[in-house]
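The task is simple: from the sequences and hints, build the whole structure.
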Amino acid sequence: MAEKKLHQLTDQDGEATRDRPWIFRTYAGHTSARASNELYRSNLEKGQTGLSIAFDLPTQCGYDSDDPIALPEVGKVGVPINSLDDFHLLFEGIPLEQMNTSMTINGTSMWLLALYVALARERGEDEAKLMGTTQNDIIKEYLARGTYIFPPEQSLRIISEMYEYCLERIPNWNASNVCSYHLQEAGATPAQELAFALSTAIGILDSLKQRGHFSHEQFERATGRISFFVNSGIRFIEEMCKMRAFGELWDEITEQRYGVKNPKFRRFRYGVQVNSLGLTENQPENNAWRILLETLGVTLSRNARCRALQLPAWNEALSLPRPWDQQWSLRLQQILAYETDLLEYPDLFDGSPVVQSKVEDLKALARAEIEKIDGMGGVRSAIESGYMKTSLVRSMAERVSRIAKNEITVVGVNKWQEGIESPLVSGDDGGLFKIDGESVKETLEALKAVRGKRDAERAKAALLSLKAAAKSGANMMEASVECALARVTTGEWAGALREVFGEYRPVTGIEGQRLGLEGERVEALRKRIQRFTDERGRRPRIVVGKPGLDGHSNGAEMIAVSARHVGFDVVYSGIRLRPDEIVTSAIEESADVIGASVLSGSHVELAEQLMKLLDEAGARERIQVIFGGIIPQGDFERLAQIGIRAVFTPKDYELIDIMERIFSLIESPAAAAE
Amino acid sequence: MRSQSPTDLLTRLDRLGVSMLVSEFEDQRPAARERRAQVLSELLAAEHRKRGVFIGITGTPGAGKSTLLGELARRLLASDPELRVAVLAVDPSSHISGGALLGDRTRVRVDSREGRFYFRSQASQTQLGGLSPASFDVCRLLMHLYDCIFVETVGVGQSEVDIRFLADRVYLVMTPLGGDEVQFLKAGVMEIPDTVILNKSDAKQAARKAYHSLKASLQLARPFDGDRVEIFRTSCTSGEGLDDLAAHVHQRVVALGSGSDLASAAQRNHDREAYFYRRWVEREWGRQGKRYLEDSLGGAEQFLEESKGYDQAQTAFGERFIAALARC
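Chains U and V, in that order, are what the protein sequence lines are.
Sequence positions in the first sequence follow numbering that gives the first Met the number 0 and run 0 to 673.
Sequence positions in the second sequence follow numbering that gives the first Met the number 0 and run 0 to 327.
It should be emphasised that the hints constitute simulated quantities derived from the structure, not laboratory data.
All of these numbers come straight from a predicted model, not from anything done at the bench.
Think of the CB as a built atom: it goes at the ideal place given N, C-alpha and C, for glycine as much as any other residue.
Just so you know, not all the hints are guaranteed correct.
Here are the simulated lysine-lysine pairs, DSBU-like style, with alpha carbons at most 35 Å apart [said to hold, decoys possible]:
#1 K49(V) / K611(U)
#2 K260(U) / K371(U)
#3 K289(V) / K526(U)
#4 K447(U) / K433(U)
#5 K470(U) / K214(V)
#6 K263(U) / K362(U)
#7 K208(U) / K128(U)
#8 K404(U) / K414(U)
#9 K466(U) / K128(U)
#10 K208(V) / K470(U)
#11 K362(U) / K4(U)
#12 K45(U) / K440(U)
#13 K208(V) / K466(U)
#14 K3(U) / K459(U)
#15 K263(U) / K357(U)
#16 K260(U) / K128(U)
#17 K470(U) / K203(V)
#18 K208(U) / K203(V)
#19 K414(U) / K526(U)
#20 K404(U) / K526(U)
#21 K203(V) / K371(U)
#22 K263(U) / K128(U)
#23 K214(V) / K371(U)
#24 K307(V) / K371(U)
#25 K470(U) / K371(U)
#26 K4(U) / K208(U)
#27 K203(V) / K466(U)
#28 K611(U) / K433(U)
#29 K307(V) / K49(V)
#30 K263(U) / K3(U)
#31 K49(V) / K289(V)
#32 K4(U) / K263(U)
#33 K440(U) / K466(U)
#34 K466(U) / K208(U)
#35 K208(V) / K208(U)
Stretch by stretch, here's where chain U covers chain V in the computed footprint (C-beta under 8 Å, at least three residues) [to be verified]:
#36 10–22
#37 101–114
Which chain V residues stay away from chain U? Per the calculated CB distances, all over 12 Å, these [claimed, not checked]:
#38 R74
#39 L219
#40 E293
Quick look at the structure:
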């Protein structure tokens, strides 16, 4: 045997070896089941090794594609799935037994897993061999992402029942995946990300324990099935330390709190999507480097290396990525894993005093926060009381204000803004992906066909037994699989459970914000607003809300709080609103402005609907409409034609600028439009 | 642009029309008074005018007032196809900027296509907690257009006494886990409600405990009528107790508003106007003004009578008081 060198990675027999790479994925899906299937097959041909399915918002929120609230969103941010027939199409030519499939799905997680199981059964594949993950982390949906449906208690029940179903029947399935990804997107500091994610996992383990369906041996195995989905930001050394802290804390928690003896089941297993929040619309080509550095944070340290990785595309701050953009990101993973020597070494940081000290620091902060949440009665109470949301909103506001004050450097945004225009965005398509508007038809027709040709009695009976299980407390998984086989639709499945469980409206956390909005310009604007108030006998009023199903509410909340801060009366109407609800609010409240926030790409459709409704109510002249969100420059003119008076995008990060522009619209509507 | 007279709104409720009027009643500039007086005289003369009943909903933040209110409103609208319901929700203003965040709407889930329902948010402005200076003015309008007007206020404390004078019935909302009853007892708020609602009563045992501790607190705070204060237990998650509560509210609205006892309704209106008129004088003209009203103008009731209306009495007071000051 050769002399063992410390830098040499060796296998069980002492032979030099190199690690197998992590699973390469791309978060993908759009337009229709057919289009997404084509995309998946071409990605797999390019060397992708797992699937990460993006569902559209109606599917995530439990609506059929033809529901009025769903229509503008069908196929926009992911693939629409209405029934098992869509799943047959989506996975055509992809063997389930060999595929590792991750589904970013939460409110309707049980339904999508049931569809996957039903698909395996109908195709004659072995259910027990299925591999993958349903994200199923409802906590971060309440906190950041907004696609929750049911209240926390029922959501935790659904997650627990999926663990109970999967443990023996689909042993390689991660029933849930504690996702701190969106916590960072919503502003979480590393310590908050650690604490909130681990508290969520604690909540799941507590729930499994309390339900008492598992023996201790089963409980240990179930603990081993809890996986995490983590974010990796641009401060990549700190991120690497965060991953090490995650691993050490999870080992500690599972051993000390839950007595998990087998170290294998205490391992912190995680997948990653690197940070999208820090990607900029300005000089978007710079994002390629950001993505690379963020990738290093979760791959460099072997002991804290991710199991699966998906990278955003350089143009994600502009629109959905095109196939080429996704390919470019995949190539980065392949170069790192196969061209470099990264996978040939043991851990590079073991024994580094700097890394160890940083990790200890993060762990101490996280432990203190976990204790605090424990003290409140656990993660459910911390959600219901609004504590977690308020903390996040506060961190986010601090981040934004530090950028505004140039305390954080963002290249191309608050420094070195001047540059040569990128040839990447000067092609015919402007570097953007456009959904084919006609494709909705195909999905709607398929839905109609399913309803027409299914055995109506069987579908009805399946829904009845689902409701009966929901009421009695029996496991709903098998009833859901029967619904899938009976061609029940997504909206019907969720609708049945909505009837039994009700629908949740969470605390907004909007009150917790502190802004970096101080200084002379703020004072001056407040004076202008006070003068307006004295002269007109009323304060300027703005209605802020999110039409459609996209639930990323942080931007809207920031605008609402800033507006109050400068002296507006602000009616915050929240998320998941129909356009007519927003218009009614604005009319009833005598608002001067409607501020609508849209990140799903449906801005044109929603703008048309809002303006039509204002017209019909005779209020178009009285109420100005402005839009904010991920809106490409190319659509500005179209929106202006429809009647939208101003559009704000992530480029407009100075809150005081935004406030001044909005107030100018109210002060003299005509002048500001120039 | 459509133009509707106030009385048109009685036959056909139009949201934009109502909102525009509400804005005029919120306008606290002297110039707005004349128009208000004119609108009110038109409405008072109208045959089909409503005699709205005011239901006060108050309690600590987080007690679930708005969600509960939405459930109540939906049930009232469904049970009585003739009923018109309005909500005036008051939220606190920022002391720094004067702006306010009005968030109650999100939780009051009534279908926006329901034309018999109207929701308006108001900022409390400089008033601590309780009502806004314009709340009463808006109520003077809404009472002619709606059968039932819920007035929702945040917080508990001395300023909440306003709601006692505004509302025909006050419902105090608390949660079984909040230990609210002790807080309320301390703040003297137990003297305010006609009915107490223990909301979020899905935690069964806690709800039972809170119910008994609440009864005891009421006995302590109101030794003479503590027994008569009704206590409802509700849960907006399970729907428990909501139908009973809605029936209770409906019964009060019908009993107080149907015109069966016009004399006492008129008396209540006079008392209300006198109270809020005194509050207005104090706010606008200070303690000296209040003394002048009592000593030289014969008090609020008499001066309102003499001036032939609330808005007129505001204008008249200014003229008289300034003249009096000039003579000094």
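Evaluation of the provided hints:
Our distance criterion of 35 Å between C-alpha atoms is met by K49(V) and K611(U), whose separation comes to about 33 Å. For the given pair, K260(U) sits about 27 Å from K371(U) by alpha-carbon distance, which is consistent with the 35 Å threshold. Restraint check: the Cα-Cα separation between K289(V) and K526(U) comes to about 31 Å, which is no more than 35 Å; the hinted pair holds. Among the hinted pairs, K447(U) with K433(U) is consistent with the structure: their alpha-carbon atoms are about 26 Å apart, no more than 35 Å.
Restraint check: the Cα-Cα separation between K470(U) and K214(V) comes to about 34 Å, which is no more than 35 Å; the hinted pair holds. At most 35 Å may separate the alpha-carbon atoms for a hinted pair to count; K263(U) and K362(U) meet this at roughly 21 Å. Taking the CA atoms of K208(U) and K128(U), the gap is about 26 Å. The hint holds against a cut of 35 Å. Proposed proximity of K404(U) and K414(U) is supported: the alpha carbons are some 12 Å apart, at most 35 Å.
With a C-alpha separation of about 29 Å, the suggested pairing of K466(U) with K128(U) holds against the 35 Å cut-off. Taking the CA atoms of K208(V) and K470(U), the gap is about 27 Å. The hint holds against a cut of 35 Å. Among the hinted pairs, K362(U) with K4(U) is consistent with the structure: their alpha-carbon atoms are about 32 Å apart, no more than 35 Å. A C-alpha spacing of about 30 Å is found between K45(U) and K440(U), which places the hinted pair at or below 35 Å, so the restraint holds.
Taking the CA atoms of K208(V) and K466(U), the gap is near 33 Å; set against the 35 Å cutoff, the hint holds. Proposed proximity of K3(U) and K459(U) is contradicted: the alpha carbons are some 67 Å apart, above 35 Å. With a CA separation close to 26 Å, the supplied pair K263(U) and K357(U) stays within the 35 Å bound. Between K260(U) and K128(U) the alpha-carbon distance is near 26 Å, which keeps this suggested pair within the 35 Å criterion.
At most 35 Å may separate the alpha-carbon atoms for a hinted pair to count; K470(U) and K203(V) meet this at roughly 18 Å. Proposed proximity of K208(U) and K203(V) is supported: the alpha carbons are some 23 Å apart, at most 35 Å. A C-alpha spacing of about 31 Å is found between K414(U) and K526(U), which places the hinted pair at or below 35 Å, so the restraint holds. Proposed proximity of K404(U) and K526(U) is supported: the alpha carbons are some 23 Å apart, at most 35 Å.
For the hint pairing K203(V) with K371(U), the CA-to-CA distance comes to about 26 Å; that is within 35 Å, so the pair holds. Between K263(U) and K128(U) the alpha-carbon distance is near 20 Å, which keeps this suggested pair within the 35 Å criterion. For the proposed pair K214(V) and K371(U), the alpha carbon gap of about 34 Å is at most 35 Å, so the pair holds. Our distance criterion of 35 Å between C-alpha atoms is broken by K307(V) and K371(U), whose separation comes to about 61 Å.
Our distance criterion of 35 Å between C-alpha atoms is met by K470(U) and K371(U), whose separation comes to about 34 Å. As the CA atoms of K4(U) and K208(U) are separated by approximately 45 Å, the hinted pair breaks the 35 Å bound. Distance restraint check for K203(V) and K466(U): the Cα-Cα separation of roughly 24 Å lies within the 35 Å cut-off, and the hinted pair is therefore satisfied. Simply put, K611(U) and K433(U) have alpha-carbon atoms about 24 Å apart, close enough for the 35 Å limit, and the pair holds.
A hinted pair counts as satisfied when its Cα atoms are at most 35 Å apart, and K307(V) with K49(V) qualifies at roughly 21 Å. Pair hint K263(U) plus K3(U) holds up; C-alpha atoms about 26 Å apart against a cutoff of 35 Å. Our distance criterion of 35 Å between C-alpha atoms is met by K49(V) and K289(V), whose separation comes to about 33 Å. Taking the CA atoms of K4(U) and K263(U), the gap is near 26 Å; set against the 35 Å cutoff, the hint holds.
For the given pair, K440(U) sits about 31 Å from K466(U) by alpha-carbon distance, which is consistent with the 35 Å threshold. Note on K466(U) and K208(U): the hinted pairing holds, with a Cα-Cα distance of about 25 Å set against a maximum of 35 Å. Note on K208(V) and K208(U): the hinted pairing holds, with a Cα-Cα distance of about 28 Å set against a maximum of 35 Å. For the stretch 10–22 of chain V, the proposed coverage by chain U is satisfied: 7 residues have a C-beta within less than 8 Å of a C-beta in that chain, meeting the threshold of three.
For the stretch 101–114 of chain V, the proposed coverage by chain U is satisfied: 8 residues have a C-beta within less than 8 Å of a C-beta in that chain, meeting the threshold of three. No Cβ of chain U approaches the Cβ of R74(V) within 12 Å, the least distance being about 15 Å, so the stated non-interface status holds. For L219(V), the shortest C-beta to C-beta distance to chain U comes to about 29 Å, beyond the 12 Å cut-off, and the non-interface label holds. Residue placement check: E293(V) keeps its beta carbon more than 12 Å from all beta carbons of chain U (closest about 29 Å).
Of the numbered hints stated above, those contradicted by the structure are hints 14, 24, 26, listed in ascending order.
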